[in-house]
Amino acid sequence: MGTYILENEEALKKVLENMLRKGMVEGVMVQTAGESGVFTSIITDPDFISKTAPLAPLFSNNNAVFLQNNGTRNIAVVVKPCEARAINELKKLNQINTDKLVVICADCQGTINPRDGLITEPLTEAKKKELEKDSIPIRKACTVCEHFTPPEVDISIMAIGTTGGYILATDREELLDGLELKAGEIPSGRNAEVEKIRKENLEKKEKMVEELDKKLGSPDTLVEFFKDCIRCDNCRDMCPICYCKQCYFETPLGDLRTDEMLHQAATKGILRIPPDILFYQLTRNIHVAAGCVECGACEEVCPRDIPLLDVWKSITGNVQGLFEYVSGMKRDEPLPLVGFKESELEEVK
Amino acid sequence: MIEMDDKSDFEPKIIGFLCNWCSYAGADLAGVSRFQYPANVRVIRVMCSSRIDPQFVLKALTEGADGVLIAGCHPGDCHYIEGNYRTRRRIAALDKILEKYGLSDRVFLEWVSASEGKRFAEVVTDITNKLKELGPNPHKARWEI
Ligand code: SF4
Ligand code: SF4
Ligand code: SF4
Ligand code: FES
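Residue numbers (this note's numbering), protein chains in the order written: chain A, 1 to 349; chain B, 350 to 494.
None of these hints come from the bench; they were simulated from the model. If you're wondering where the values come from, they're calculated on a predicted model, not measured in any experiment. We put the beta carbon where it would ideally sit given N, CA and C, even for glycine. Keep in mind that a hint or two might mislead.
DMTMM-like cross-link-like pairs, simulated, lysine to aspartate or glutamate; straight-line CA separation at most 25 Å [claimed, not checked]:
{"id": "1", "chain 1": "A", "residue 1": "Lys196", "chain 2": "A", "residue 2": "Glu210"}
{"id": "2", "chain 1": "B", "residue 1": "Lys362", "chain 2": "B", "residue 2": "Asp402"}
{"id": "3", "chain 1": "B", "residue 1": "Lys408", "chain 2": "B", "residue 2": "Glu493"}
{"id": "4", "chain 1": "B", "residue 1": "Lys408", "chain 2": "A", "residue 2": "Glu324"}
{"id": "5", "chain 1": "A", "residue 1": "Lys207", "chain 2": "A", "residue 2": "Glu299"}
{"id": "6", "chain 1": "B", "residue 1": "Lys449", "chain 2": "A", "residue 2": "Asp233"}
{"id": "7", "chain 1": "B", "residue 1": "Lys449", "chain 2": "A", "residue 2": "Asp220"}
{"id": "8", "chain 1": "A", "residue 1": "Lys196", "chain 2": "A", "residue 2": "Glu324"}
{"id": "9", "chain 1": "A", "residue 1": "Lys227", "chain 2": "B", "residue 2": "Asp475"}
{"id": "10", "chain 1": "B", "residue 1": "Lys408", "chain 2": "A", "residue 2": "Asp259"}
Some chain B residues flagged as far from chain A (calculated, every beta-carbon gap over 10 Å) [as the list claims (entries may be wrong)]:
{"id": "11", "residue": "Arg394"}
{"id": "12", "residue": "Tyr429"}
{"id": "13", "residue": "Ser464"}
{"id": "14", "residue": "Thr474"}
{"id": "15", "residue": "His488"}
{"id": "16", "residue": "Trp492"}
Pulled out of the complex, with its shape left as it was, chain A reads as follows (with noise of 0.2 Å):
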């Protein structure tokens, strides 16, 4: 694995470039400022790059999303180290070539969703005070966030623990060919300083499962969490995991029209519309559970405010802990939903 050294973002864009430029990508997704925002680009002239703002603190949602079935074109991809882990979930589920990709992964220290402010310098901890003194909330996904460092990816840029600019990691130097980077190392303080706020966050997530479960817990209060759902079905959409081509909502039997629902009606006499509320949020959990990356994208774009991040940090750990697995570290490993050992859960039920 080679290092380097990037003094500061404008570095990391003339690696961009350099790709760009000597074709070894077709294209760069990147977050880009324009007139009336930051938004989430992709670039194929190169003259573009200088309006870039590749580690800007900002997340709309999660952009894996965009990546699915992504074809045989090769680009080059910007990416928070939710969305990387979401993109190797999605390789595993064979719906992302990574061959055809360049994921490059930043530290990320927090994010903010661009309705509440447009900050494009990435965050420390005094910049965190000032905007918490101007009252914008960094996401409440990052502030309970465990894999803020990127996982298994092309180019890791890492922050934490530097004086002041960044560390390239790469297994694939061919990607540098043409620049003239100085050899960096890993700071040896990296871990203890990655260790330190892990934990802290640890504890608001552990809080934050704690309230929940003072809420939740039984069939009552399931209802009450749930009851403002529109069933808009935008936590599905904006959901990189939930990448089924046809949603069983989607299929007669799960979309459902008026035969239907009469039908489905003289079950109990009446039928709530939309239908289906409960059944879709557990189905939900189910088919998400053992891949979320806890992104909080879900959260993020739903109309009624439910908070569905919650729920993810409460039962993913544990779901995902049965199968000793933690979704999107890694490219290659099995799925705990496809594989089985013989002799495991021998105490279930």
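Chain A is already provided as a structure; the job is to place chain B with the ligands on it using the hints.
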């Protein structure tokens, strides 16, 4: 309108998904051997326990079934070699979720072979008693879910 049953004379409604090769045959044997067991299970025959999509269980629970029984061949004996190992993982995952919502006690995974007619009767008796203790599924009387 569905009235909530009084706990004392409450007869749970259990949806039983039984694999064709072992548990369904086991249930059949219980019948022909005239083992007594409660008539609370509505049996749905599936070719293998791995045919049981966790969604089936969720559908039953949200529609108001008091309990769900999933029964297949003992590990190692699945007619399709490894189906029940997969079932075991899926149901274990489902259980972790249902635990959070207080619904885990209503789902039962059991291995019953074709020769275990007596065991099938015992399993059904046992889960019927457990569900009687637990009371009706509150979703049975609820339409706004
Ligand atoms: S959830 Fe974690 S990885 Fe994702 S944006 Fe937030 S801090 Fe970064
Ligand atoms: S369920 Fe929500 S938190 Fe989990 S991967 Fe999907 S969008 Fe992200
Ligand atoms: S986004 Fe919110 S309202 Fe829409 S389906 Fe999901 S939980 Fe329901
Ligand atoms: S055939 Fe019985 S569990 Fe697979």
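Going through the hints against the structure:
1. A/Lys196 x A/Glu210: Satisfied, since the Cα-Cα distance of roughly 21 Å is no more than 25 Å.
2. B/Lys362 x B/Asp402: holds (20 Å)
3. B/Lys408 x B/Glu493: This hinted pair holds, its Cα atoms lying about 15 Å apart.
4. B/Lys408 x A/Glu324: violated (28 Å)
5. A/Lys207 x A/Glu299: Since the Cα atoms of A/Lys207 and A/Glu299 sit roughly 18 Å apart, the hinted pair holds (cutoff 25 Å).
6. B/Lys449 x A/Asp233: holds (23 Å)
7. B/Lys449 x A/Asp220: holds (12 Å)
8. A/Lys196 x A/Glu324: The given pair, whose Cα atoms are some 23 Å apart, holds under the 25 Å limit.
9. A/Lys227 x B/Asp475: Given pair A/Lys227, B/Asp475 is violated - Cα atoms ~34 Å apart, limit 25 Å.
10. B/Lys408 x A/Asp259: holds (19 Å)
11. Arg394: Per Cβ check, B/Arg394 is outside 10 Å of chain A; nearest 20 Å; holds.
12. Tyr429: Per Cβ check, B/Tyr429 is outside 10 Å of chain A; nearest 13 Å; holds.
13. Ser464: holds (21 Å)
14. Thr474: Fine: 17 Å to the nearest Cβ keeps B/Thr474 off the interface.
15. His488: Violated, since 6 Å does not exceed 10 Å.
16. Trp492: violated (4 Å)
Violated hints, listed in ascending order, are 4, 9, 15, 16; each of the other numbered hints is respected by the structure.
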